[in-house]
Amino acid sequence: MIEVKDICKTFGKNEGTVRALRGASMSVEQGDMVAIMGKSGSGKSTLLNILGGMMSFEKGEYYYCGKKIDFSSQRNLTRFRRDKIGFVVQYFALVDDINVFQNVALPLKYQRYSGHRIKELVMSALAELGIEDKAKAYPAELSGGQQQRVAIARAIVKKPDIILADEPTGALDEQTSKDVMSILKGLNESGKTIIVVTHDMKVAENCKRIIHIKDGVVDESNK
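Letter by letter, the sequence shown follows residues 0 to 222 in numbering that gives the first Met the number 0.
Since the hints were made in silico from the structure, they are not lab data. It should be emphasised that the depicted structure is a prediction, and the values quoted were computed from it without experimental measurement. Among these hints, one or two may not hold up.
Restraint-style ranges between C-beta atoms, simulated for each label pair [to be verified]: (1) Asp132 x Ser181: 17 to 25 Å; (2) Ser72 x Gly11: 23 to 31 Å; (3) Gln101 x Asp214: 36 to 44 Å; (4) Met53 x Ser24: 13 to 21 Å; (5) Gly114 x Asp178: 28 to 36 Å; (6) Val17 x Ser123: 38 to 46 Å; (7) Met200 x Lys135: 32 to 40 Å; (8) Gly114 x Glu14: 50 to 58 Å; (9) Asp132 x Phe10: 39 to 47 Å; (10) Glu14 x Lys38: 17 to 25 Å; (11) Glu131 x Ala92: 16 to 24 Å; (12) Glu204 x Asn75: 33 to 41 Å; (13) Asn75 x Glu140: 35 to 43 Å.
25 Å max Cα-Cα, derived SDA-like pairs, lysine to any residue [said to hold, decoys possible]: (14) Lys4 x Arg78; (15) Lys201 x Lys213; (16) Lys184 x Glu131; (17) Lys108 x Glu140; (18) Lys135 x His115; (19) Lys58 x Asp165; (20) Lys108 x Arg74; (21) Lys157 x Glu119; (22) Lys158 x Ser189; (23) Lys66 x Gln29.
Using N, Cα and C, we set each Cβ at its ideal position, and we do this for glycine too.
Could you put together the complete structure from these sequences and hints?
Structural data, given as structure tokens:
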């Protein structure tokens, strides 16, 4: 489904240059659930951002379902992210001054859906996460676990093929972390491809495969 080859990504210039990825290569099949593990600064979040079309790179190739993705075209990247990718981040990234329904509806803002269709999609996503009764609540009124459920609902509302989760349990307690991983496993069992970045082996062990990254290079021997 996704294959990246020899990806190189640097930040900064001259003496401040940081080589975040040094020829990173990996592949993910449809229906897979993969954990990317590595120490802080290893390049794992940079790799995830590139997989999600959120960040460009200097060298390398990106293929989706056998088709090379053109990272030089912002229009193509925007369409790719919109149609194929759902994102879940560590600190939820909810908008505080709008309610749960409105937060989950945000990815649909620029789609040509009727108000009725948007309501159907949002309420379906909330129901799948067991929080349809929180539609009118505001983020500050929710627990951390409930906020992460809202974030996951927002990620799946447009029915993407792939869900990318960057440290999805990093801001949660142990039990809530287990609940969130159970949700992601359930989504995987329903056909979604899941890629999780984590530093926590307990989280990674919920996945079908664990890929390690060190100093910007994927360690093929630890797949």
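These are the hints, each one checked on the structure:
1. Range check, aspartate 132 to serine 181: about 20 Å between beta-carbon atoms, so the 17 to 25 Å window is met.
2. For the hinted restraint 23 to 31 Å between serine 72 and glycine 11, the CB-CB distance of approximately 25 Å keeps it satisfied.
3. At about 42 Å, the CB distance of glutamine 101 to aspartate 214 agrees with the hint of 36 to 44 Å.
4. For methionine 53 paired with serine 24, a C-beta distance near 19 Å keeps the hint of 13 to 21 Å intact.
5. Restraint check, glycine 114 to aspartate 178: a C-beta distance of roughly 32 Å satisfies the suggested window 28 to 36 Å.
6. Separated by about 42 Å at the C-beta atoms, valine 17 and serine 123 satisfy the suggested range of 38 to 46 Å.
7. Our hint of 32 to 40 Å for methionine 200 and lysine 135 holds, since their Cβ atoms are close to 38 Å apart.
8. Distance hint check for glycine 114 and glutamate 14: the Cβ-Cβ separation is about 54 Å, which falls inside the suggested range of 50 to 58 Å.
9. For aspartate 132 and phenylalanine 10, the Cβ-Cβ distance of about 43 Å falls inside the hinted range of 39 to 47 Å, so the restraint holds.
10. The hint said 17 to 25 Å for the Cβ distance between glutamate 14 and lysine 38, and at roughly 23 Å that hint holds.
11. Our hint of 16 to 24 Å for glutamate 131 and alanine 92 holds, since their Cβ atoms are close to 21 Å apart.
12. At roughly 36 Å, the beta-carbon separation of glutamate 204 and asparagine 75 lies within the given 33 to 41 Å, and the hint holds.
13. The hint said 35 to 43 Å for the Cβ distance between asparagine 75 and glutamate 140, and at roughly 39 Å that hint holds.
14. For the suggested pair lysine 4 and arginine 78, the alpha carbons sit about 22 Å apart, so the restraint of at most 25 Å is met.
15. Restraint check for lysine 201 and lysine 213: satisfied, since their Cα atoms lie roughly 19 Å apart, inside the 25 Å limit.
16. Restraint check for lysine 184 and glutamate 131: satisfied, since their Cα atoms lie roughly 20 Å apart, inside the 25 Å limit.
17. The suggested pairing of lysine 108 with glutamate 140 holds, with an alpha-carbon distance near 24 Å, which does not exceed 25 Å.
18. Restraint check for lysine 135 and histidine 115: the C-alpha separation of about 17 Å stays at or below 25 Å, so the hint holds.
19. For the hint linking lysine 58 to aspartate 165, the alpha-carbon distance of about 23 Å falls within 25 Å, and the restraint holds.
20. Taking the CA atoms of lysine 108 and arginine 74, the gap is about 17 Å. The hint holds against a cut of 25 Å.
21. For the hint linking lysine 157 to glutamate 119, the alpha-carbon distance of about 11 Å falls within 25 Å, and the restraint holds.
22. The suggested pairing of lysine 158 with serine 189 holds, with an alpha-carbon distance near 12 Å, which does not exceed 25 Å.
23. Under the criterion of a C-alpha separation no larger than 25 Å, the hint pairing lysine 66 with glutamine 29 is consistent with the structure, at around 14 Å.
The structure agrees with every numbered hint stated previously.
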